[in-house]
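If you read the protein sequences in the order shown, they are chains L and P.
Here the numbering used here is used: the first residue of the first sequence is 1, the next is one more, and so on.
Here the numbering used here is used: the first residue of the second sequence is 1001, the next is one more, and so on.
There may be inaccurate statements among the hints.
To be verified - Stretch by stretch, here's where chain P covers chain L in the computed footprint (C-beta under 8 Å, at least three residues):
{"no.": "1", "segment": "235-249"}
{"no.": "2", "segment": "253-260"}
{"no.": "3", "segment": "295-304"}
{"no.": "4", "segment": "310-320"}
{"no.": "5", "segment": "337-351"}
Claimed, not checked - Under the rule of at most 20 Å between Cα atoms (straight-line distance), these lysine to any residue pairs were calculated in the SDA-like manner:
{"no.": "6", "chain 1": "L", "residue 1": "353", "chain 2": "P", "residue 2": "1093"}
{"no.": "7", "chain 1": "L", "residue 1": "353", "chain 2": "L", "residue 2": "376"}
{"no.": "8", "chain 1": "L", "residue 1": "304", "chain 2": "P", "residue 2": "1133"}
{"no.": "9", "chain 1": "P", "residue 1": "1053", "chain 2": "L", "residue 2": "291"}
{"no.": "10", "chain 1": "P", "residue 1": "1053", "chain 2": "L", "residue 2": "290"}
The hints are simulated quantities; they were obtained by calculation from the structure and are not laboratory data.
Even for Gly, the Cβ is constructed at its ideal location relative to N, Cα and C.
Okay, here's what each chain looks like letter by letter:
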Amino acid sequence: MNPAEAEPQVQKRSALATCIEFFQTLLEKEVVDAILLPQQVPGVSAKGVVVQTLVTDPSKLEGFDPVAPVLMRNSASMVSALSFQAPKGKVAAVMRPCEINALVELVKFKQANLDDVILIGVDCPGTYEPKDYVQLVTVHGGPVSEEVLEALSEGKGLSFDGYELRQACRICEHPSPANCQILIALWGADFASGAAIVPMDERGREAIEKAGIELQEQPPARSKILEKVDRVRSSRGQKHIEEFKERISSLQGLIDEFAACKRCMNCREECPICYCRECIFSSPTFVHESNKYLKWARQRKIIKMPVETLLFHLTRLNHMVTSCVGCGQCSSACPNGLPVMELFRAIGSNVQKIFDYVPGRSLEEEPPLTTFREDELEPR
Amino acid sequence: MDNFEPKILGFVCNWCTYAGADLAGTSRIQYPPNIRIVRLMCCGSVDPLYVLKSLLEGMDGVLIGGCHPGDCHYTNGNYKARRRIAVLKSILRQIGLEDERVVLRWISASEGKRFADTVTEIVEKLRELGPNALREVWQI
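Throw the hints in and build the complete structure from the sequences for me.
Structure (structure tokens):
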């Protein structure tokens, strides 16, 4: 490698180093008690995989990697766990756009409280399926964060040969976070001066000032790049979802798509919006008498086992499709590769339209099923 | 399908529609015997799951009956039911099921005639639509 190539690499490393220094000061000056952030896990089985960590010691931040293109779990549920009941500490959370969107929904369902939480949103290039990511870093011989930072800086999508982003990410319209206090702006960033840590509201400004870091602005190229990324992904998404809508527009189509469902309910487990402590599908309501199965089998001559797979998906749609943020963790969690994300986005877009509701858009808008208007819908 | 007798399941609230159904009976108003009634405290407590389960089990139609706007015993359960049923119907339409099989109707305790007319109307509609196709599907 010649020196001309080596130089920008050092700068890009400094992008993450700037963030780490900032987090260290947040902890040292006790602006927050802990930070929830993604870090690389060392170890043979982990192979550079990134998980969320909750850190209180400023010296335990070296593995920070907000751009590793993998999302093991939507961390909205973790912020919910950290903030839903008093007493609780002050926490900063480094999150991707879809994680913040899901968290906004959880706040409105009273499952999280952001009074003592500082949300640090990170620009997101998209993520790979965990197994693809593990393969990628194995072949690559280590984390790919530098390549990702470079792609973000130049405003390009990720293009590792032979690897495709998760379908949810390919059609995601949220490459940049909203509703956060602080933004780590990476799209179009010039990493010569480190990463841009930008305050997004008064609380963010206060935290940055307390940490004694210079206030920064968004990279000038950022908004243009975001417009372009949004345009590409939106049109791709519309096409993909429209095709799927067509496929499930007859009942047999839907049944065919979900023929392989074995109701393991992994999709529900990984869904950040499915917050019920006790899901009715795990309750005795769905423990049937032995006789019942035979009765059903006699009625229809043949039934699929386990039973009630379609009922499960249709019920989950009814319960939470109004708040689905399209993070796609459901599809990633499905052992049989069923298009759960597509189902929820396809049905969700029309259902959300009824109430002019966009999940994750605002903390002020009430989720449609928790409220009503007297003069709406039928019958009057 | 000349001898098709639609089966309807009715989820009706204790305070209005159930009393309305009762009045239809005590007033000896004739209506088709195709409906089976489940009494709940409020139509706002009808989980869409109940309606879906009924349809997947092969019920041809489902009636959800509640109090007129402003009359709900629990102030606003009927308004909440209206939103839930709107969501349910939208979902049914999108997966190619006839959303007309699900009917939400406000019927007060004094409207025995309206209850009878509603059941008659649903039965006629269901005769037009024919049997619920889900009754024959096994891969659900």
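Consistency of the hints with the structure:
1. 235-249: holds (count 3)
2. 253-260: holds (count 4)
3. 295-304: holds (count 6)
4. 310-320: Coverage by chain P holds for the segment 310-320 of chain L (7 residues, Cβ < 8 Å).
5. 337-351: holds (count 4)
6. 353/L - 1093/P: Distance of about 15 Å is within 20 Å: holds.
7. 353/L - 376/L: holds, 14 Å
8. 304/L - 1133/P: Holds, at about 17 Å.
9. 1053/P - 291/L: Holds, at roughly 18 Å.
10. 1053/P - 290/L: holds, 18 Å
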